[in-house]
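2 protein chains.
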Amino acid sequence: MSGTVRLFVNDDLGEGQSVPLSRDHAHYLFGVMRLTAGDRILLFNGRDGEVSARVVEAGKRGGTLLVEAVTKPLQMPPDLWLLFAPIKKARTDFIVEKAAEMGAARICPVATEFTNSERIRQDRLQAHAVEAAEQCGGTWVPEVAGLEKLDRVLDDWPADRQLMFCDEALVGEAASSSALTGGLGRGGDAPWAILIGPEGGFSDRERQRLRGFDFAHRVSLGPRILRADTAAVAALTLWQMQLGDWT
Amino acid sequence: MSGTVRLFVNDDLGEGQSVPLSRDHAHYLFGVMRLTAGDRILLFNGRDGEVSARVVEAGKRGGTLLVEAVTKPLQMPPDLWLLFAPIKKARTDFIVEKAAEMGAARICPVATEFTNSERIRQDRLQAHAVEAAEQCGGTWVPEVAGLEKLDRVLDDWPADRQLMFCDEALVGEAASSSALTGGLGRGGDAPWAILIGPEGGFSDRERQRLRGFDFAHRVSLGPRILRADTAAVAALTLWQMQLGDWT
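In order, the protein sequence lines correspond to chains A and B. The numbering used here puts the first sequence at residues 61 to 307. The numbering used here puts the second sequence at residues 61 to 307.
Honestly, I wouldn't trust all of these hints.
To be verified - Not close to chain B: a few residues of chain A, all C-beta gaps over 10 Å, as computed:
hint, residue
1, N70
2, G76
3, I101
4, V127
5, T131
6, G163
7, T175
8, R179
9, R271
10, R287
To be verified - Calculated pairs, SDA-like style, for lysine to any residue (alpha carbon to alpha carbon, straight line, at most 20 Å):
hint, chain 1, residue 1, chain 2, residue 2
11, A, K132, B, E228
12, A, K209, A, D249
13, B, K149, B, T175
14, B, K148, A, R267
15, B, K149, A, D153
16, B, K132, A, E173
17, A, K148, B, K120
18, A, K149, B, K149
19, A, K209, A, R267
20, A, K148, B, R151
21, B, K120, B, R83
22, A, K149, B, R151
23, B, K149, A, K209
24, A, K132, B, I285
25, B, K148, A, A276
26, B, K148, A, E194
27, A, K149, B, I285
28, A, K148, B, E117
29, B, K132, A, K149
30, A, K132, B, A229
31, A, K148, B, G63
Just so you know, the hints here were simulated from the structure itself, not pulled from any lab data. Model, not experiment: these values are computed from the prediction. Don't be surprised by glycine CBs; every beta carbon is placed ideally from N, CA and C.
With the hints as extra help, turn the sequences into a complete structure.
This is the structure in structure tokens:
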């Protein structure tokens, strides 16, 4: 990790641009991190890449930065959605953080028949995604969608998007990560999604429905049962290695 | 996850064997889980596989189980060590939990030049590994070793053990997961270890030393900087897919 502070902002970040700071950002930069006028930080907005900026004014309730130069081009993640069934708060936070670090483009909480948690705090999860992108050197922040029923998401499934479906009924069976590359070749720019089931697994009806789709590809995540948060990171790794930007 | 309670015990688990319960286990089974005489649970001890057992006596401070039948054979993980530099408490706990879930055989906290945390609670981490094995349906619990200096671990490195070394200096370079399979072929029963650096990265001296070893193989975990806990799960996935028991 870099020692330089990185912040996600909504402002445009052209060279020479002046960036006003929100109260929260001013508190963080000048109160917590003790920066003063002349100090350098890094900014990104999800559109213009990463830029370096100098502190011009440092106040308790606000301040101004001046954009100096582009330090990193915009790097978009692959067109990959992560669908997961929310679990306990800390583990849901963790899944969102990891999805942002590992390069998912969109994070979609879905309610399944066995999902325990019927509510999410979308704004808090979005803030977690921002923080993860700030920490991991990303130039882009995935959007956290609102909670939707899995059945409805599948009703409206986009025709060209493939779905990697982590089927815990495959635990103990011969693994099938080859399913991904088998008939499909490299992903390239093809749109994909990963679906991680709830702690209690999918219902038989859900599993049957998923297995019936041409766009759905079952994979195994090894011979042990993984918790949902572990499964999310493992599935993102598997996908990124075989079809994404780790290859 | 199974609805049946699974417990790790130290006792032998032959058919017909009587298993006395510790005070903690009795409290958990009869106080927390509300089991009574005649109820069935699952036990494993890391030697005999998984067995089903019946509650014979249920007391507040103890009790007895009777082993009925083997339900799962002993499944050893591959001979894989996970070496990592301890970080903040919650993330260190997480790494141990995930290593146990994902099938590491031994978990070795190592102190590097930039490691923040110079102490670990080995007994607490071992308890996390046990709990993870109970949850994930494992029949084996990895040992959590005491904290050792990385330099000393490398001084005494076993001649035949390969080391996958996640070098964050490779972030942005072309990835090299092929390094693992390139000259090496499938891992089979070969002993391996994975090394995850601290949040601050390895020192230049450490990195140079690691690069100098024939047994050390550098891999990239993609174009973004991963937190140490994310890197641990991603590295375990990569290894298990290419050389371990997910293949």
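Against the structure, the hints:
1. Residue placement check: N70 of chain A keeps its beta carbon more than 10 Å from all beta carbons of chain B (closest about 22 Å).
2. The claim that G76 of chain A is not at the interface with chain B holds, since no C-beta of that chain comes within 10 Å of its own (minimum 27 Å).
3. The Cβ of I101 of chain A lies farther than 10 Å from every Cβ of chain B, with a closest approach of about 17 Å, so its non-interface assignment holds.
4. Listed as outside the interface, V127 of chain A is consistent with that label: its C-beta sits roughly 23 Å from the nearest C-beta of chain B, beyond the 10 Å cut-off.
5. With 10 Å as the threshold on Cβ separation, the claim that T131 of chain A sits away from chain B holds: the shortest Cβ distance comes to roughly 13 Å.
6. Consistency note on G163 of chain A: stated as away from chain B, yet its beta-carbon is not over 10 Å from all of that chain's, at 6 Å minimum.
7. The claim that T175 of chain A is not at the interface with chain B holds, since no C-beta of that chain comes within 10 Å of its own (minimum 14 Å).
8. The beta carbon of R179 of chain A is kept farther than 10 Å from every beta carbon of chain B, the shortest such distance being approximately 22 Å.
9. At roughly 21 Å from the closest C-beta of chain B, the C-beta of R271 of chain A stays outside 10 Å, upholding its exclusion from the interface.
10. Against chain B, the non-interface label of R287 of chain A is violated: not every CB pair exceeds 10 Å, the least being about 6 Å.
11. Using a Cα cut-off of 20 Å, the hinted pair K132 of chain A and E228 of chain B holds, with the two alpha carbons roughly 17 Å apart.
12. The suggested pairing of K209 of chain A with D249 of chain A is violated, with an alpha-carbon distance near 27 Å, which exceeds 20 Å.
13. With a C-alpha separation of about 13 Å, the suggested pair K149 of chain B and T175 of chain B falls inside the 20 Å cut-off, and the hint holds.
14. Taken as a hint, the K148 of chain B and R267 of chain A pair is broken in the structure, with Cα atoms around 38 Å apart against an allowance of 20 Å.
15. Between K149 of chain B and D153 of chain A, the direct Cα distance comes to roughly 17 Å. Compliance with the 20 Å bound is thereby established for this hinted pair.
16. A threshold of 20 Å between alpha carbons decides the hint, and for K132 of chain B with E173 of chain A the separation of about 29 Å lies outside it, so the pair is violated.
17. As the CA atoms of K148 of chain A and K120 of chain B are separated by approximately 30 Å, the hinted pair breaks the 20 Å bound.
18. Taken as a hint, the K149 of chain A and K149 of chain B pair is honoured in the structure, with Cα atoms around 18 Å apart against an allowance of 20 Å.
19. Proximity of K209 of chain A to R267 of chain A is assessed by CA-CA distance (about 15 Å); at most 20 Å being required, the pair is judged to hold.
20. The suggested pairing of K148 of chain A with R151 of chain B holds, with an alpha-carbon distance near 16 Å, which does not exceed 20 Å.
21. Our distance criterion of 20 Å between C-alpha atoms is met by K120 of chain B and R83 of chain B, whose separation comes to about 8 Å.
22. Our distance criterion of 20 Å between C-alpha atoms is met by K149 of chain A and R151 of chain B, whose separation comes to about 15 Å.
23. Distance restraint check for K149 of chain B and K209 of chain A: the Cα-Cα separation of roughly 35 Å exceeds the 20 Å cut-off, and the hinted pair is therefore not satisfied.
24. A threshold of 20 Å between alpha carbons decides the hint, and for K132 of chain A with I285 of chain B the separation of about 14 Å falls inside it, so the pair holds.
25. Of the pairs offered as hints, the one joining K148 of chain B and A276 of chain A is violated, with about 38 Å between alpha carbons and a cut-off of 20 Å exceeded.
26. Taking the CA atoms of K148 of chain B and E194 of chain A, the gap is about 19 Å. The hint holds against a cut of 20 Å.
27. At roughly 24 Å between alpha-carbon atoms, K149 of chain A and I285 of chain B are farther apart than 20 Å, so this suggested pair is violated.
28. Proximity of K148 of chain A to E117 of chain B is assessed by CA-CA distance (about 34 Å); at most 20 Å being required, the pair is judged violated.
29. Under the criterion of a C-alpha separation no larger than 20 Å, the hint pairing K132 of chain B with K149 of chain A is inconsistent with the structure, at around 33 Å.
30. At most 20 Å may separate the alpha-carbon atoms for a hinted pair to count; K132 of chain A and A229 of chain B meet this at roughly 16 Å.
31. Distance restraint check for K148 of chain A and G63 of chain B: the Cα-Cα separation of roughly 18 Å lies within the 20 Å cut-off, and the hinted pair is therefore satisfied.
Checked against the numbered hints listed earlier, the structure breaks hints 6, 10, 12, 14, 16, 17, 23, 25, 27, 28, 29; every other hint is satisfied.
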